[in-house]
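Novice: Chains as they are written, first to last, in this note's numbering: chain A, 79 to 357; chain B, 245 to 575; chain C, 2 to 285.
FYI, nobody ran anything at the bench for these hints, they're computed from the structure. Heads up, some of the hints might be wrong.
[Said to hold, decoys possible] Straight-line C-alpha distance at most 25 Å; calculated SDA-like pairs for lysine to any residue:
#1 Lys176(A) to Gly188(C)
#2 Lys176(A) to Gly67(C)
#3 Lys176(A) to Ser132(A)
#4 Lys176(A) to Gln329(A)
#5 Lys176(A) to Leu65(C)
#6 Lys176(A) to Arg175(C)
#7 Lys176(A) to Gly158(A)
#8 Lys176(A) to Ser187(C)
#9 Lys176(A) to Val189(C)
#10 Lys176(A) to Glu174(C)
[Stated by the list, open to error] Beyond 12 Å from chain A on every Cβ pair, some chain C residues (computed):
#11 Ile30
#12 Val51
#13 Gly72
#14 Val95
#15 Leu99
#16 Gly113
#17 Ser120
#18 Ser122
#19 Ala128
#20 Ala148
#21 Tyr181
#22 Gly185
#23 Pro198
#24 Asn199
[What the hints assert, rightly or not] Non-contacting residues of chain A with respect to chain B, defined by C-beta distances greater than 12 Å in every case (computed):
#25 Asp150
#26 Leu203
#27 Ala204
#28 Ala280
As the structure is a computational prediction, the values presented were derived from the model and not from experiment. By construction, the Cβ of each residue, glycine as well, lies at the ideal position given by its N, Cα and C atoms.
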Amino acid sequence: MSDPKAHERTGRDAPGRPVLEVTGLHRAYGTVRAVDDVSFSLAAGASLGIVGESGSGKTTTARIIVGLERADSGRVRINGRDRTGHRRGRNERLARAKDVQMVFQDPFLSLDPRISVATALREPLALHFPGRDHAARVAELLDQVGLGRRLAESLPRQLSGGQRQRVAIARALAVEPAVLVLDEAVAALDVSVQAQILNLLADIREQTGVGYLFITHDLGVVACVTDEVVVMREGRIVEAGPTTRVLAAPQHPYTRLLLESVPRPGWNPHHIAATRRAL
Amino acid sequence: MNTLEIQGLRLRLPRTARPVLDGVDLTVAARETVALVGESGSGKTLTSRTVLSLLPPGAVTEGTVRVAGDDVLTMTPDQLRRLRSGTAAMVFQDPRASINPLRRVGDFLTEGLRLGAGVAKAEATARAAEMLASVGLTSAALRQYPGQLSGGMLQRVMIAAALMGDPALILADEPTTALDVTTQAEVVALLGDLRERFGTGLLFVTHDLGLAAAISDRVYVMYAGRIAETGPAEALFARPRHPYTAALLASTPRLDAARGRLAAIDGQPPDLHEELTGCPFAPRCRHATDVCRETAPQQLPVPGEPAHLVSCHHSDQLEDRHQFEGSTADE
Amino acid sequence: MTTALIRRPGLSRIRTTRAPLYLTCLGFISLVTLLALLAPWLAPHDPNGVDLGNALAGPSGSHLLGVDASGRDTLSRLITGARTSLLGPLGVVVFSTLAGVAVGAAAGWRGGWLDSVLSRSTELVFAFPGLLLALMIVSIYGEGLVAPVLALAVAYLPYVSRLTRSLVLAERERPYVAAYRVQGHSGVQICLRHVLPNIAPVVLAQSTINFGYALIDLAGLSFLGLGVPALTPDWGRMVFDGESAIQSGYPLSAVLPCAAIVLTVVAFNVVGERWADQVARRDR
Numbered sequence: 079m080s081d082p083k084a085h086e087r088t089g090r091d092a093p094g095r096p097v098l099e100v101t102g103l104h105r106a107y108g109t110v111r112a113v114d115d116v117s118f119s120l121a122a123g124a125s126l127g128i129v130g131e132s133g134s135g136k137t138t139t140a141r142i143i144v145g146l147e148r149a150d151s152g153r154v155r156i157n158g159r160d161r162t163g164h165r166r167g168r169n170e171r172l173a174r175a176k177d178v179q180m181v182f183q184d185p186f187l188s189l190d191p192r193i194s195v196a197t198a199l200r201e202p203l204a205l206h207f208p209g210r211d212h213a214a215r216v217a218e219l220l221d222q223v224g225l226g227r228r229l230a231e232s233l234p235r236q237l238s239g240g241q242r243q244r245v246a247i248a249r250a251l252a253v254e255p256a257v258l259v260l261d262e263a264v265a266a267l268d269v270s271v272q273a274q275i276l277n278l279l280a281d282i283r284e285q286t287g288v289g290y291l292f293i294t295h296d297l298g299v300v301a302c303v304t305d306e307v308v309v310m311r312e313g314r315i316v317e318a319g320p321t322t323r324v325l326a327a328p329q330h331p332y333t334r335l336l337l338e339s340v341p342r343p344g345w346n347p348h349h350i351a352a353t354r355r356a357l
Numbered sequence: 245m246n247t248l249e250i251q252g253l254r255l256r257l258p259r260t261a262r263p264v265l266d267g268v269d270l271t272v273a274a275r276e277t278v279a280l281v282g283e284s285g286s287g288k289t290l291t292s293r294t295v296l297s298l299l300p301p302g303a304v305t306e307g308t309v310r311v312a313g314d315d316v317l318t319m320t321p322d323q324l325r326r327l328r329s330g331t332a333a334m335v336f337q338d339p340r341a342s343i344n345p346l347r348r349v350g351d352f353l354t355e356g357l358r359l360g361a362g363v364a365k366a367e368a369t370a371r372a373a374e375m376l377a378s379v380g381l382t383s384a385a386l387r388q389y390p391g392q393l394s395g396g397m398l399q400r401v402m403i404a405a406a407l408m409g410d411p412a413l414i415l416a417d418e419p420t421t422a423l424d425v426t427t428q429a430e431v432v433a434l435l436g437d438l439r440e441r442f443g444t445g446l447l448f449v450t451h452d453l454g455l456a457a458a459i460s461d462r463v464y465v466m467y468a469g470r471i472a473e474t475g476p477a478e479a480l481f482a483r484p485r486h487p488y489t490a491a492l493l494a495s496t497p498r499l500d501a502a503r504g505r506l507a508a509i510d511g512q513p514p515d516l517h518e519e520l521t522g523c524p525f526a527p528r529c530r531h532a533t534d535v536c537r538e539t540a541p542q543q544l545p546v547p548g549e550p551a552h553l554v555s556c557h558h559s560d561q562l563e564d565r566h567q568f569e570g571s572t573a574d575e
Numbered sequence: 002m003t004t005a006l007i008r009r010p011g012l013s014r015i016r017t018t019r020a021p022l023y024l025t026c027l028g029f030i031s032l033v034t035l036l037a038l039l040a041p042w043l044a045p046h047d048p049n050g051v052d053l054g055n056a057l058a059g060p061s062g063s064h065l066l067g068v069d070a071s072g073r074d075t076l077s078r079l080i081t082g083a084r085t086s087l088l089g090p091l092g093v094v095v096f097s098t099l100a101g102v103a104v105g106a107a108a109g110w111r112g113g114w115l116d117s118v119l120s121r122s123t124e125l126v127f128a129f130p131g132l133l134l135a136l137m138i139v140s141i142y143g144e145g146l147v148a149p150v151l152a153l154a155v156a157y158l159p160y161v162s163r164l165t166r167s168l169v170l171a172e173r174e175r176p177y178v179a180a181y182r183v184q185g186h187s188g189v190q191i192c193l194r195h196v197l198p199n200i201a202p203v204v205l206a207q208s209t210i211n212f213g214y215a216l217i218d219l220a221g222l223s224f225l226g227l228g229v230p231a232l233t234p235d236w237g238r239m240v241f242d243g244e245s246a247i248q249s250g251y252p253l254s255a256v257l258p259c260a261a262i263v264l265t266v267v268a269f270n271v272v273g274e275r276w277a278d279q280v281a282r283r284d285r
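Isolated chain A, as found in the complex (with noise of 0.2 Å):
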């Protein structure tokens, strides 16, 4: 596992050119900053970590990156093209899915409950990759998120948590994207299934260099799974570096209450509610 030096702004000497830059990103909901000034750079095969709690912009963030919401402000350059304009044309949409892709919360919401796992593979191929053998593409895709392919005809309801959540990371790399955003991908997994898709993920990385912008609210996810860490608070970024750094060694206060939240033996609770209600 590569470890980066400590730097205090992500990725700037990270190693490997940035695939994913973020300038200066801004969206309001009428007086409610949701992202305010946000940057930070993903260098190529990294894994970033995006921590907040609700509220923080972390999830706002992720949606501008994959399009799914506009920036008022700032700019998206994912392989050093400009993608934060609203997708514009057959081309362009095609062009930045196959940029940047994503993995969402809820694996019971995020696949069509009518589509079996098969089609909803080969959707993202016939749509990307016309006139190839999808067959055998879809097999290979199955294999590699450790899916049996007797379940190729499943439909979603038929599969437990665990299993839909590798069809859903399935289908974002059929697309063979550059950076892949998980949105809290683990969170509603129970804690066994969890530790398996965290594998999971991480051999997916070694084997294809594919990104990742773990957006998560949980501090032992960030520590198992990134080299970087972005800290946000209210739209804003509070602290940011290499993910063993903030964790052994947190600058900023709310760093320090983050991690002091995390529940432990010997975990004082009254402490935590009194730096919480000062910061």
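Since the structure of chain A is provided, determine the placement of chains B and C on it from the hints.
Specialist: The following block gives chains B and C in isolation, referenced to the frame of chain A:
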């Protein structure tokens, strides 16, 4: 006398091949926090709901569930109503889903007392204000609507509502799962304070092992409707004797753990539509032998630890393994 | 799905908690449909054959359900009448469903000004009683099945479009739709290939219920003498024709088509409601 005493609870649902709860024994004493830990489908939520006799349609039960000495499963509807409005109270996972958004917090809090016990409005409101104060809210909240409160404040309101009937037992079903981590700490701190102050027993149902370790006196770990392991929180997390407990601990991503692969548990929990023989965890267990697949293990105390019970044929094999879990328990 | 079907107050009390009722109703609908399809072969007499000598005769071996005031065989008219009585509502439902889904989906999916324009226009139609609209159109275009069917189809369109719009609005927010967007599918494609098929069962259930209502409304128009031409066998028309016979003390030729109308309407209601329930259960 224990506040809650569940003995040999077995619960069957229609169209299933095995009991959803299979011989659950569990106790909660006054002033004690007991965590019930398990993954989805383990039966932890069903166990807590059975305590209030909130059973799914067609459920058939065996065994006894005593709250403050009275068996819940044989109660008349009238007794049940009294149990639910007084002796035992429940705090649910999602506060926003379990409160009527169109009614003021004050109405919500006083409803039970006024309609159930026939308490006068002024008196009920006074008690509601007192309970709100004890969960750290002012009586201004009485006139507010649920939509005006944050998730953490709303969960405090739910806890205040649970306290209104002066319960002997609070059942908290994942009360912090829908909350942010920093808010979680507040709610947990509050539950701990109230337990001290009012002397209630607290059954804390959660999927989060870390949280269970942090807050509880004793822990029950459930798997496939059975208690896999139970014991004092410290001992159970420092020296787990059931392979499932050990594997769960190992598969939880932790801050202090080295980066890299987690020790995931392969496979999935058993399906309700398949009959179980032997130990339910055997198909996923690294220590499983023929005896595990054939006979279900008895719940037996760990040698030298009378309060630490484990249902495993090979619990002695785990004795010196999994030392890496010990690091979390070192204060 | 929280969207409720629109039902008229009187019929909403018929609940379909028991399966036998549903099966009976489904059987009844199949029977009526079969009768309508095979009418020329099943009707024992010419439905318009006049046998004045036998007028108002009671049930007998040759006329199983008797003869009406004009000397026509009631059974044959009932069987043949099933054709127009079902064909009319079918036209109403097909047209209102197709147009309603198109309008509702466009409004719900596209949103913005298009939603405002379409929603306000359909509300305008809603404000106008369907039967009155039909009366107006029939009085302009004269007798015939097409005019009332078109009029009722327009009147029923808002029921379908409002339901479709609310379903599409709910479905649009589901993460799987966002997932398809991220995959690069176009909005129209997602709407047609994923959203509409997912809401189709609920819309079909509403249309099934609408079928019953359309049948009542068309029968009502026929009863007023405004629907089908005078000689065409039709249940509503039969009730109108039988009115004088009731006054003469021979109710059979009017009561039987009444019963046929009521039973068919109830059957469609029960079946539609049951389908809606099944969809709701599947979603849970």
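Novice: Look at each hint and say if it fits the structure.
Specialist: Okay, the hints, checked on the actual structure:
no.: 1; hint: Lys176(A) to Gly188(C); result: holds, 17 Å
no.: 2; hint: Lys176(A) to Gly67(C); result: violated, 75 Å
no.: 3; hint: Lys176(A) to Ser132(A); result: violated, 29 Å
no.: 4; hint: Lys176(A) to Gln329(A); result: violated, 37 Å
no.: 5; hint: Lys176(A) to Leu65(C); result: violated, 73 Å
no.: 6; hint: Lys176(A) to Arg175(C); result: holds, 22 Å
no.: 7; hint: Lys176(A) to Gly158(A); result: holds, 14 Å
no.: 8; hint: Lys176(A) to Ser187(C); result: holds, 15 Å
no.: 9; hint: Lys176(A) to Val189(C); result: holds, 20 Å
no.: 10; hint: Lys176(A) to Glu174(C); result: holds, 23 Å
no.: 11; hint: Ile30; result: holds, 26 Å
no.: 12; hint: Val51; result: holds, 55 Å
no.: 13; hint: Gly72; result: holds, 56 Å
no.: 14; hint: Val95; result: holds, 23 Å
no.: 15; hint: Leu99; result: holds, 21 Å
no.: 16; hint: Gly113; result: holds, 15 Å
no.: 17; hint: Ser120; result: holds, 24 Å
no.: 18; hint: Ser122; result: holds, 29 Å
no.: 19; hint: Ala128; result: holds, 34 Å
no.: 20; hint: Ala148; result: holds, 39 Å
no.: 21; hint: Tyr181; result: violated, 8 Å
no.: 22; hint: Gly185; result: violated, 3 Å
no.: 23; hint: Pro198; result: violated, 6 Å
no.: 24; hint: Asn199; result: violated, 6 Å
no.: 25; hint: Asp150; result: holds, 26 Å
no.: 26; hint: Leu203; result: holds, 28 Å
no.: 27; hint: Ala204; result: holds, 31 Å
no.: 28; hint: Ala280; result: violated, 6 Å
The structure does not agree with the numbered hints 2, 3, 4, 5, 21, 22, 23, 24 and 28 stated previously, though it agrees with the rest.
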